[in-house]
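Participant: Chains as they are written, first to last, in the working numbering: chain A, 13 to 657; chain B, 13 to 657.
It is worth saying that the hints were derived from the structure and are not from the lab.
Remember, it's a predicted structure, so these values are computed and weren't measured experimentally.
Wrong hints could be hidden among the right ones.
One copy or any two copies: either way a pair holds, since identical chains are not told apart in the list.
What the hints assert, rightly or not - Within a straight-line C-alpha distance of at most 30 Å, the following computed DSS-like cross-link-like pairs (lysine-lysine) qualify:
| id | residue 1 | residue 2 |
| --- | --- | --- |
| 1 | K360 | K191 |
| 2 | K49 | K191 |
| 3 | K360 | K442 |
| 4 | K153 | K200 |
| 5 | K390 | K548 |
| 6 | K100 | K68 |
| 7 | K583 | K442 |
| 8 | K100 | K442 |
| 9 | K153 | K68 |
| 10 | K390 | K583 |
There are 2 protein chains.
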Amino acid sequence: MLLMEEAKKKKCFVRFEPSGLTAEVPAGTVLLEAARKVGVYLTSICGGDGYCGKCKLIIDEGQTQSRPTTLLTPEEIRENVVLACQTKVLSDLVVTVPKSHTLETSQILMDSDMRRFSELAGEAPEGVFEFDPLVRKLHVKMSPPTVRDNTADHERLYLAIREQIEAPIMQTGFRIIQKLSRILHEHKYEVAVTVGRRGGTTEVIDIEQAGRVRTNYAVAVDLGTTTVVAHLVDLTTAVTKDSEATYNSQIHFGEDYIRRIIYAEQNDAFDEMQSRIVGDVNNLIVTLASRQRIEVQDITTIVCAGNTAMAHFLLNLDPTQIRREPYVASAGFVPPIRAAEAGIQINKRGLLYCLPAVAAYIGSDIVAGVLSTRLHTKEGISVFADIGTNGEVVLGNKDWLVCASSSAGPAFEGSGVKHGMRAGAGAIEKVKILADGSVDFRTIADTRPAGICGSGLLDILAELFVNNIMDRTGRLIADSNPRISEGEEGMQFRLTLPEDGYKEIVITQADIDNLIRSKAGVFAAIRVLMEATQTKPEDLDAVYLAGGFGNFLNTRQAVTVGMLPDVALEKIHFVGNTSIAGAKTVLLAHKAMETAERIADSMTYFDLMSHPRYMDEFIRAKFLPHTDLSLFPSVRSVRTNAKRL
Amino acid sequence: MLLMEEAKKKKCFVRFEPSGLTAEVPAGTVLLEAARKVGVYLTSICGGDGYCGKCKLIIDEGQTQSRPTTLLTPEEIRENVVLACQTKVLSDLVVTVPKSHTLETSQILMDSDMRRFSELAGEAPEGVFEFDPLVRKLHVKMSPPTVRDNTADHERLYLAIREQIEAPIMQTGFRIIQKLSRILHEHKYEVAVTVGRRGGTTEVIDIEQAGRVRTNYAVAVDLGTTTVVAHLVDLTTAVTKDSEATYNSQIHFGEDYIRRIIYAEQNDAFDEMQSRIVGDVNNLIVTLASRQRIEVQDITTIVCAGNTAMAHFLLNLDPTQIRREPYVASAGFVPPIRAAEAGIQINKRGLLYCLPAVAAYIGSDIVAGVLSTRLHTKEGISVFADIGTNGEVVLGNKDWLVCASSSAGPAFEGSGVKHGMRAGAGAIEKVKILADGSVDFRTIADTRPAGICGSGLLDILAELFVNNIMDRTGRLIADSNPRISEGEEGMQFRLTLPEDGYKEIVITQADIDNLIRSKAGVFAAIRVLMEATQTKPEDLDAVYLAGGFGNFLNTRQAVTVGMLPDVALEKIHFVGNTSIAGAKTVLLAHKAMETAERIADSMTYFDLMSHPRYMDEFIRAKFLPHTDLSLFPSVRSVRTNAKRL
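Working from the sequences, and respecting the hints, build out all of it.
Facilitator: Next up, the structure:
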């Protein structure tokens, strides 16, 4: 016994390859904990409970002790693969993090309109904003004081600023007023003044030598439950210079934010939750800044969009009422704060803005989505659906907006799917089942297939259906295709075959059930909103599908599986990450923040859980494409054509 | 030598009576420094240079070493009186601070209208403001959220606040938003909300249990160059509960603020200057709070008025350009800041407001004076003169305001006058020279005479003049009165006589010269402003005289000596400390701050030093009452009457 205690106290070094990050931990520490400690973020969806099987590591050297699991294949066990959450460190270790677990930054979705603002001039059409960033640097030249004109420096500066911008209410931090006179004298009343728009007022954030007027950067951030994405923007030219993404390291504490709120409540871990998400954001900022060779000090602005819980975690607002009836957020509209107050490492006087949220389950990412698709400006009615860890839906036009959130689950983000993964190198992003029953696929970066990302999963679901390998209830049909086999978890379809020299990647019956639940949740939400507003399918002018599916998505397939309403294909638009696109819009045009607030204010939220029609619609939508085939006239022909081949 | 060094290193304890405060200092320390160290504030006008002779102490026990001085009488030397700035500590000491050197707080001028606001109801006349403090506590009761009404807590609170007050732009500190949900839940959505008006916006400063709604106090402060005065106000009832004053402890560094700016520049002592004035204010706050048994935490507001330099010292703004052409302040309008940012010890989220200043030499005390005398609302033209360390003058009506500052010198505050003192117990406040040539006088608190305060000095000047003891040039006339004698410093008039059992109190020729310079400065400033605006004496509807003269002032005498224009006596009003009265007006009525800003903005400043007429007017005003007797028709009869008696 004594020896065992001794061993437990022993310090062990765990080196994680390929990053080389090394954790020093007491013997007996769980490997997932060791990884967390040094910032090696493993996909862990169940929060370390050992049932998601995502946190796989390869033990290269050293001794470990693992609990038995059914989530590893005999082959994996032979190759020393372990689940990090089920394995204890017994000695110094060298472990390898499989590549599919690290996010390939080069593949992160860039918004397609990064130059949207830089080319603007003159009158802007509805919903397009004048380039006028939230935080600007102004070149301010004042006439120095004389005996006849001895207005105090502070008021002289205000007068000069108001010659350039409209700023009826101005504020200046105490520390800036304190150094004001010295700087104005030193630079002969010609300076660069950083001004930020701050909820109806304009703040003088900093005063520097005039030469620094073009050194002004901002970061737009999408705070996803699974992934955090950041774009670096030059505020002088409006050009997006770079982007970067990382896993949300809160993922260790649970797959969805409800689980994380519960964890934080039970473990008094709100500070920990904040420091994780803030740490992720700071890592992104440092990476972007060092790659672009700019000083973090020169980033004056950060604008965040994300679901309501994530915004609460970021600011350490109390999120506990979000999960309890009547589901109330601490704040939907969060006023801009000094970024440093939240621990964000940009200019120490730089500002942190959060886009406004609508409700506990309709976050600012959805407001950003409306803003960037301009739903709120259109005559015709549009649908906006954002498929992430949840599936949020907005319906409306320039006169009204309604919204709802379905707990779709993160299947299309690759979670709860055996070989699901985020859109990174090696992810299967396109799938086609050929007439001979064989499978054609394409991976991101054309590398060896490592898993399946969202667009690939949608393709598979549609292809299995139209090729009659799966029936309308989502059951795989035995013997319908040579690739159907019986796996450890029941019936499965093999996308890749070891005999072709690939790692075997399959889609299981359980995966299909998860994907169908997701698509059914989204469609049911759309139906409830359409019925509540008496909107008919023919009334829809546009359908926008947003989310981290990958770079390209076959919108036809989204209709085929019954996720989106059956409208003319040209009306359906895959719009990618609209959360970050909306954040960037606000960043570059402060008037867009007011618009975002009007959008958030005017959206009517439908609580689906308490809605009498939702469960019925959900059950009907769990068929492919739907129980009511008259809702999907185009699907019949697709399927018939497939049969003919 | 070694022994001497040893002795110097020895620690000595210096106890100051009657306070009992004890300083521990190395042997060799100057007594003034020891006093400063423990917060014993001695009148020291020359800043320790040994020429003002004000910092007298009595050595009761122990050994000291003093430099020779001509400023002590042989009798004082016999009684162990020393000048603290010229005396070194050689051993443990017990010293007594003479009573005239400590401010008697009971005698501090209370403004006459402390209940001005509590009785207000309905429509307010021009220049009188609705009771609506800068910082209020609102009783806010919200309907708790339901599934149908699940507006976030932050927005719910804003809606509820806006039902009570007009607040188009609201802000809330990050720390308050963080605790918002918890507090609202804990108190079932019924709370006391502290809201502050902050430069066009309304800030939610704090949220507490509803029962604390009536616990809300404020402090109004007059930041004088010589004295700092504070009033404690109950913001629920608008009642002034108490007042307190202290010497400005910067006085060690110089009599006027120009000397102090020079000292701070030469010794890099800006932080020291700030910590002194802030320390004085904090001492006043603690004294008031403990005497009234309230928690410092419950003081949510502090409003300061004072000259521009003092406001800069308080906030540690750069004051160095104030003394250099073209005489520019860092800030005239200082935005409200968190009091804690300046080191002021009230509620840690409480706000510090400074009234706006006009120019480097027309501070917010003068704006406060205009605000409280309501010059800016009147049809007729008024003069406002504030006699302190400087003499500031305002002329104007509801349509225009002009102002100027004369470097009058602090003679009427008792500085530069041999037996001058602040208006405290024992100060001679009224003087009458009787027909038989003897002197009748009255002291504050009817105690034994210790010195002469402002109103007494004005009386003496007038009485000497009308009784022909002094000629029109201000020369004492030998043998004109038995009390004329030759003192150490030349001719003097003895107010009190040792043979009557009093300490001898005299007014010297040098004192008279100083007083005449002060009055001449003020009158010359009034004349320049009148001439510049083509205002004739008969156009004047009112003359307001403000300053720390004492409780009562014979306004007739101010005309007799030629300080104020010769208008009908009922038009002259002694208004006391209008700096604190104005600060209190703003405290109790936030709209008054906007008015103060309009006043400051609209005042035209005349720089007397560069004005071609000023020196000429000053020389003419150095006569009693003036070279041009036609300007003072009433004085002739006064003097004639006196002669007749």
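Participant: Now, for every hint given, state plainly whether the structure supports it.
Facilitator: Hint by hint, here is what the structure shows:
1. K360 with K191: For K360 and K191, both the intra-copy (16 Å) and inter-copy (24 Å) Cα distances are at most 30 Å.
2. K49 with K191: between (41 Å within a copy, 29 Å between copies)
3. K360 with K442: neither (45 Å within a copy, 59 Å between copies)
4. K153 with K200: within (9 Å within a copy, 54 Å between copies)
5. K390 with K548: Within one copy, since 17 Å is at most 30 Å while 69 Å is not.
6. K100 with K68: Within one copy, since 13 Å is at most 30 Å while 79 Å is not.
7. K583 with K442: For K583 and K442, only the intra-copy Cα distance (22 Å) is at most 30 Å; the inter-copy one is 94 Å.
8. K100 with K442: neither (38 Å within a copy, 92 Å between copies)
9. K153 with K68: neither (60 Å within a copy, 53 Å between copies)
10. K390 with K583: within (14 Å within a copy, 70 Å between copies)
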